[in-house]
Amino acid sequence: MKLAGFLLLGAGWLIVLAAVSMLRTVASMAAFALAGVAVEALGLALAFRAHMIWREEKE
Amino acid sequence: MSEPLAAFSDPARILCFLCALMVPCAIAGLALINAGLGRSRSAAHSLVGALCVAAVAALAYFATGFAIQGYVGLPAHELAAGSKLWSWAGAGQPFFGGLRFDGAPASLAALLGMFSAALAAMIPLGAGADRWRLGASCVSTAILAAVIFPLFAHWSWGGGWLAQLGANAGLGAGFIDAGGAGAIQVVGGLGALAIAWVLGPRRGKYSMEGLPAAIPGHNAAFVLFGCFLAWFGWMGLNCAGALLYSGADASRVALIAVNATLGAAAAGLAAAGITRARFTRTDASLCANAWVAGLVASSAGCALFNPAEAVMVGLVAGALAVFSVEWLELRLTVDDPSGAISVHALGGLWGLMAVGLFAPAGSSGQWLAQLVGVATLLGFVLPLAYGLNRLLDRFYRQRVAPEGERQGLDLYELGAGAYPDFMTHSDDTWQR
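Just so you know, the sequences run in chain order A and B.
The numbering used here applies: residue 341 is where the first sequence begins, and numbers increase by one.
The numbering used here applies: residue 4 is where the second sequence begins, and numbers increase by one.
No lab work stands behind these hints: they were computed from the structure.
For glycine and all other residues, C-beta sits at the position ideal for the given N, C-alpha and C.
The reader is advised that the hints may include incorrect statements.
[Said to hold, decoys possible] Listed next, the stretches of chain A that the computed footprint assigns to chain B, with coverage defined by at least 3 CB atoms under 8 Å from CB atoms of chain B:
#1 344-350
#2 359-372
#3 375-386
Sequences are here, hints too, so could you generate the full structure?
Structure below.
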């Protein structure tokens with residue numbers, strides 16, 4: 341689950357990278373970059389959740 | 004990014020050198036804060052760890068760090084994408100090869116970079132307090148200072164692709180991080196989160212029901228004196244960074260010092276007010292955390308903010324520090340004894356976005372350049388730091404044995420305590 345979180349973090353970053361390197365207008369870049377950051381937020385939430393489950397299982 | 008080399012007069016070089024010499028005070032301040040917020044039975048270990056980690060960071064940066072970081076105008080590896088060239092890593096020689104120490108800005112950047120790597124390495128040390136083996140913290144620091152920190156520092160400070168966002172993608176002046184809120188603080192703060200995840204919480208921190216036990220810091224005087232040292236060091240860090248990396252004029256150093264002071268002051272007072280309103284008493288450790296968070300947040304735009312904006316940035320940073328320390332401990336069950344993740348990662352991320360928020364009118368897209376930098380820190384630096392530390396843990400266990408936690412790291416790893424003549428504190432009792 342934590343691996344999935346980190347994969348989402350990386351995927352979100354790649355969306356942002358693609359936006360700034362391939363798009364031309366600030367508006368379209370902003371839309372894709374915000375989408376990428378939203379994917380990263382999901383990944384971060386998943387990574388934190390995975391840590392909580394791992395800790396509970398250890399207890 | 005503006006070209007800082009051309010306008011670097013001799014007085015500016017001397018000023019930059021003197022400001023850079025103040026940075027070890029910030030390192031000492033963070034070391035004291037980490038030691039004070041940890042347990043008394045690990046106090047000597049914490050300070051020896053700080054010294055060792057600073058030494059390893061300096062050597063690792065010397066070996067490969069500056070070669071990867073580079074500086075504006077020095078050779079760099081470039082990649083073509085979208086008909087533009089993007090610089091992704093410095094192409095210097097290891098061991099400062101080819102670098103002339105003749106007062107050139109590149110040599111000053113090497114000096115400041117070495118101190119910055121050591122400062123970034125102090126941050127995870129606080130998150131791993133009371134359970135991180137000395138040897139493992141040194142190896143982890145070597146990874147941070149030799150690879151992770153220099154790579155992001157190149158992107159933001161060394162003329163890399165984040166700094167090129169202005170010229171290549173039309174996003175304001177490109178990613179701005181004059182004082183290292185991203186390159187030092189967020190990189191260190193996300194390293195702290197990775198370490199807290201890899202190590203897990205201290206024994207006895209969470210009950211079977213998941214409720215956290217309070218393990219207060221053992222020396223509030225260390226913590227608060229550390230804040231004063233950090234304040235002094237931060238003014239030097241921000242001034243030197245702004246001169247070297249954002250092309251700020253030497254005449255702005257007074258404004259930069261004022262902004263650092265106002266950011267810290269507003270954050271500290273915000274925390275004092277919030278903790279008094281919520282708990283009826285002012286919380287010393289949270290005020291100290293907020294003070295440093297104010298310094299961190301004011302770093303990115305230290306030469307751009309006006310004093311009123313620095314106060315706003317500090318107020319938000321202080322409030323964020325108070326609530327996020329509690330949130331991480333209670334809700335997300337991340338055991339971070341020094342509050343490093345809240346102070347450095349969250350405070351730094353806020354400071355970076357504040358540059359976009361308070362950007363001068365007409366610099367369209369500045370907020371987007373800052374957002375791209377933030378996305379890079381979360382989407383690249385955090386997975387890299389976690390992955391490398393998890394890999395290290397496979398081959399060289401990072402967490403001390405249970406017996407070491409029971410005895411305290413001073414006795415277990417150093418053979419002697421920090422306070423041999425005094426009774427141990429009540430928080431040092433074995434809880435389970």
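*Any of the earlier hints contradicted here, and which numbers?*
none
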